[in-house]
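Just so you know, the sequences run in chain order F and R.
Following the working numbering from start to finish, the first sequence increments by one per residue and tops out at 649.
Following the working numbering from start to finish, the second sequence increments by one per residue and tops out at 649.
Hints may be right or wrong, so weigh each one.
Identical chains blur together in the list; that is why a pair holds if it fits in one copy or across any two.
With a cut-off of at most 25 Å between alpha-carbon atoms, the simulated DSS-like pairs for lysine-lysine come out as follows [as the list claims (entries may be wrong)]:
| no. | residue 1 | residue 2 |
| --- | --- | --- |
| 1 | K134 | K629 |
| 2 | K629 | K608 |
| 3 | K608 | K39 |
| 4 | K629 | K39 |
| 5 | K48 | K476 |
| 6 | K352 | K62 |
| 7 | K457 | K52 |
Bear in mind the hints are in silico, worked out from the structure with no lab data behind them.
There are 2 protein chains.
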Amino acid sequence: MVNAGAMSGSGNLMDFLDEPFPDVGTYEDFHTIDWLREKSRDTDRHRKITSKSKESIWEFIKSLLDAWSGWVVMLLIGLLAGTLAGVIDLAVDWMTDLKEGVCLSAFWYSHEQCCWTSNETTFEDRDKCPLWQKWSELLVNQSEGASAYILNYLMYILWALLFAFLAVSLVRVFAPYACGSGIPEIKTILSGFIIRGYLGKWTLLIKTVTLVLVVSSGLSLGKEGPLVHVACCCGNFFSSLFSKYSKNEGKRREVLSAAAAAGVSVAFGAPIGGVLFSLEESTSELISELFNDCGALESSQLCDYINDPNMTRPVDDIPDRPAGVGVYTAMWQLALALIFKIVVTIFTFGMKIPSGLFIPSMAVGAIAGRMVGIGVEQLAYHHHDWIIFRNWCRPGADCVTPGLYAMVGAAACLGGVTRMTVSLVVIMFELTGGLEYIVPLMAAAVTSKWVADAFGKEGIYEAHIHLNGYPFLDVKDEFTHRTLATDVMRPRRGEPPLSVLTQDSMTVEDVETLIKETDYNGFPVVVSRDSERLIGFAQRRELILAIKNARQRQEGIVSNSIMYFTEEPPELPANSPHPLKLRRILNLSPFTVTDHTPMETVVDIFRKLGLRQCLVTRSGRLLGIITKKDVLRHMAQMANQDPESIMFN
Amino acid sequence: MVNAGAMSGSGNLMDFLDEPFPDVGTYEDFHTIDWLREKSRDTDRHRKITSKSKESIWEFIKSLLDAWSGWVVMLLIGLLAGTLAGVIDLAVDWMTDLKEGVCLSAFWYSHEQCCWTSNETTFEDRDKCPLWQKWSELLVNQSEGASAYILNYLMYILWALLFAFLAVSLVRVFAPYACGSGIPEIKTILSGFIIRGYLGKWTLLIKTVTLVLVVSSGLSLGKEGPLVHVACCCGNFFSSLFSKYSKNEGKRREVLSAAAAAGVSVAFGAPIGGVLFSLEESTSELISELFNDCGALESSQLCDYINDPNMTRPVDDIPDRPAGVGVYTAMWQLALALIFKIVVTIFTFGMKIPSGLFIPSMAVGAIAGRMVGIGVEQLAYHHHDWIIFRNWCRPGADCVTPGLYAMVGAAACLGGVTRMTVSLVVIMFELTGGLEYIVPLMAAAVTSKWVADAFGKEGIYEAHIHLNGYPFLDVKDEFTHRTLATDVMRPRRGEPPLSVLTQDSMTVEDVETLIKETDYNGFPVVVSRDSERLIGFAQRRELILAIKNARQRQEGIVSNSIMYFTEEPPELPANSPHPLKLRRILNLSPFTVTDHTPMETVVDIFRKLGLRQCLVTRSGRLLGIITKKDVLRHMAQMANQDPESIMFN
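Build the full structure now, drawing on both the sequences and the hints.
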């Protein structure tokens, strides 16, 4: 830990008193990092390594290793995240089948693996190999009949309940941070917030295990969001192995955002073009069936149309046909499924288990879209003389494709939930594999965003961030009110004056009292209480550490010692105790705005520069301070929300 | 123009003296805009419209129209840019054919259009319809023989020279800004620079006409970059029709960046997936031929392989074959073409004509790639027992595809020229239409960027920006030096002190003298020369306008009048002339940093907030000023470049 300080130091190392002490430059839990400082600390570090690299071969090799460490970390993250995703998939396959039965040759085989080596080679019997035993066969030696059916059903329910119960307990006892999709927290962490343990090893382990459990149990949830969280945990683990990343919260976030991208890749099988595979492979057969075009060979209930035997046509150009009994049955089943899926998804997403909502919300939209599609198709078939159908829905023409309606519905629903537009169209474009549907999908994405925005501007992830009170400044949020910095800064009118330090007239005891009596994260340092001219800013955490360190290691530092932030010690009476120099912990370039600065500009500055706090001055005099929390509270207030909903700084 | 001022005002409109005057809020040519100010002016405007919209139905409709004007502008830009691109394509077709001959039925028909209606229906004769006459047929009634050939050749050269000469003259005389691709200037303009006329109507007209001329003349250039410029000119034209955009340089740039995107779309036929179409359609048959896989039906020289008659295989799985005579001939032709294309492209891009280098650089890369591809293929065929070939290049296997080598080469060359990576892979992914080649293309993009970066960090567009001395702060530029604001600010040590205004003690004449004697863009306003405590910043342009306006319209304003920036007039002796209040033009929230701020942070602030200038203070006292030009010069100096290469502010 001593190295941590040494790495962050940038001043004159010859001066013992100026030497940094342990833990300088770290942050407390639930605090926001200072991006500018992290960046300049990394530049210092880089500069030091570069200048050292000319000294010896060994230092040169070290500098090369340092330059390549980013690639190494990313390779390791990719490997681990990919492995975990693969293991999760295999485990889910096995446990999903375990709800139905067990493989006699090796209990860790899934149904498919079990029958793979079986001798039954005909297509129909592939699912019924003798090595795979349903629970009824295994327990009461019955494979047919009502009692076997009921027993199998009960076992199925039992396993599902067991998995779900196990998942809930594991999350509750070992890693509360493993619940949910993790996306809102990861967005907040990437923006510069500290949540210790959120990306920890326990979270990684428990989230991986419970994700398998909840997916196998058959709950209405997706594994895409949780896989992004898992990949970020991997990123955090590997970045903790390299001091370049572990000791700089800014650099660590670079690795984390790349890890999040890797997570998206493993979740969908590939960076682009992967969604299609994952849909076909997994947790979502329902969706692929709903997207189906009902070619001539389809046997699904949804494709039970009455074909005209007189018409011979190529397989891929299916005319509109009247619906058969199966389609009508499917319609009310879809209606029931729609209601059920909406309700179940809402409740599932609120539960304390790992859960993503990408696939469930696409399923909801696809069901609704398919229903509309079948409706329009039958309307067009039976009323092809209506004005809207007249020109392109002649009998025998292929004018309405219910599968496309399902795609548009899925895009619209996912868009409404997450408020994605461009990335949504890209995903759906990859999903459908062609450019022909891009216009309806774009229209769906934009319309769903408009409609959803009318109910509230926040997507579900932003809403979750808001619910949890995290300090997150969204790039998309527009602040258009006319308030000024003076309206937001503290102290407000009537409040006690701002707690400041003077540059060379307070004793150690004065400062310790100030620290004890307030809980501010830092204190502006001024020339004197009279002039109130600002010279810098000192962090609370570093003040405490510096004083503790000086009292232990420096002789002559007592409660009466004068603390000074200037280059030279102040002139003191002859008998005064040894003064304490604290210039090293003074930030000499605190960010300032004038009291007349529009809040619009202040919000912009906080957002773009990633500030923690900003001091307010008028004609060079210090007036007050604005923290990120103050900005967010003010924004909440202006948007008629409860400012107390912003909980952290 | 009076409205312009009224729109930009935000203060108390009841006070006559506070009323804004014409031209406030505009910028001079070759100056940088102030993004924060433009943004807050637009917020004011929006707020005014919103509050007015509650007053009457008419105002409500006006506010709706205002909200929709962005969509209208974009629709108009899309329509005009698309139309122009179509017209350019048609004109290029016609004029390219004009070099060979003319259509007798209607001279404005291209070869293809001319023969469209011809009666010759056999495939071979389609190109030889009687209505289409080559120049030799038309002028000397000869269609065959050496003299006809020479005459046609001369006419071809003559037309090409004529087109090129016409293009150069038009650009030179009417619109010098129409030359080049326009991308470097558009990047600079989008970043906030003013170049009057660069996106004007004359530039639009001349660039469109000359683009047709140079493309038809057959020069080695692409029309993609110039089409982006044309679309931006359309954007500028339509945004000048709506006061929301014409009177706010920040909002105008929003339209311009959308117009640039529209330009990319029309240049490539479609936003995504369009490159393929444009390659097949146009200016680049060479490239599609080089990308070719040499299926069984190809008759090109490049595909002259010796087929094994004993081997029957599906058409799309072609084994490696020994090269025929045609391939060997093609190889040295390709080598010659490579050298010629490189030289010609370099010279063409430096000429004062509209010219893009997307297609030419892809062609260069594709030629080189195809040559390497054929080489490796033949090596693999003849030496399939070598270690690197042994496992996958058995005789009869399809292991080397020269077409893929051409694609990778094209991507690498384009990547080296422009330093694109992600967008390049997307373009090539669209171009090749499949995911199978994405890994070699990614590797090519990254490798070419590394190799090119070793020669110099700038892509061709950044290099052009640099050559022209535009003030462009690249987001990708890293500033890692250890200098502080105090090292960069002016005045430097030994220079005369900073020119400042005092808040209430200078006369109109004092200020006029200061303006005459200096050419600064603005002046900091301080409490007094002794205290040097900063209260705000006044723009030179607005000072001049305000004084001129006051002298004309306000009674009692003479050279001896005291100018004051405070709320209340200063106490003056009884006989003093009427003082002049200038608080309206005072920016009360100038951006300040302390002298100890690392330049790394200052560069970040300039880049992210789009500042024009920043004042430097220490303990509340004004020390100096840093402009964007100072920052860029300092960056140039630190990178061992000539700081004088930065020409504009």
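Hints versus structure:
{"no.": "1", "hint": "K134 / K629", "in the structure": "neither (58 Å within a copy, 78 Å between copies)"}
{"no.": "2", "hint": "K629 / K608", "in the structure": "both (16 Å within a copy, 22 Å between copies)"}
{"no.": "3", "hint": "K608 / K39", "in the structure": "both (14 Å within a copy, 14 Å between copies)"}
{"no.": "4", "hint": "K629 / K39", "in the structure": "both (22 Å within a copy, 24 Å between copies)"}
{"no.": "5", "hint": "K48 / K476", "in the structure": "between (38 Å within a copy, 22 Å between copies)"}
{"no.": "6", "hint": "K352 / K62", "in the structure": "neither (45 Å within a copy, 50 Å between copies)"}
{"no.": "7", "hint": "K457 / K52", "in the structure": "between (51 Å within a copy, 24 Å between copies)"}
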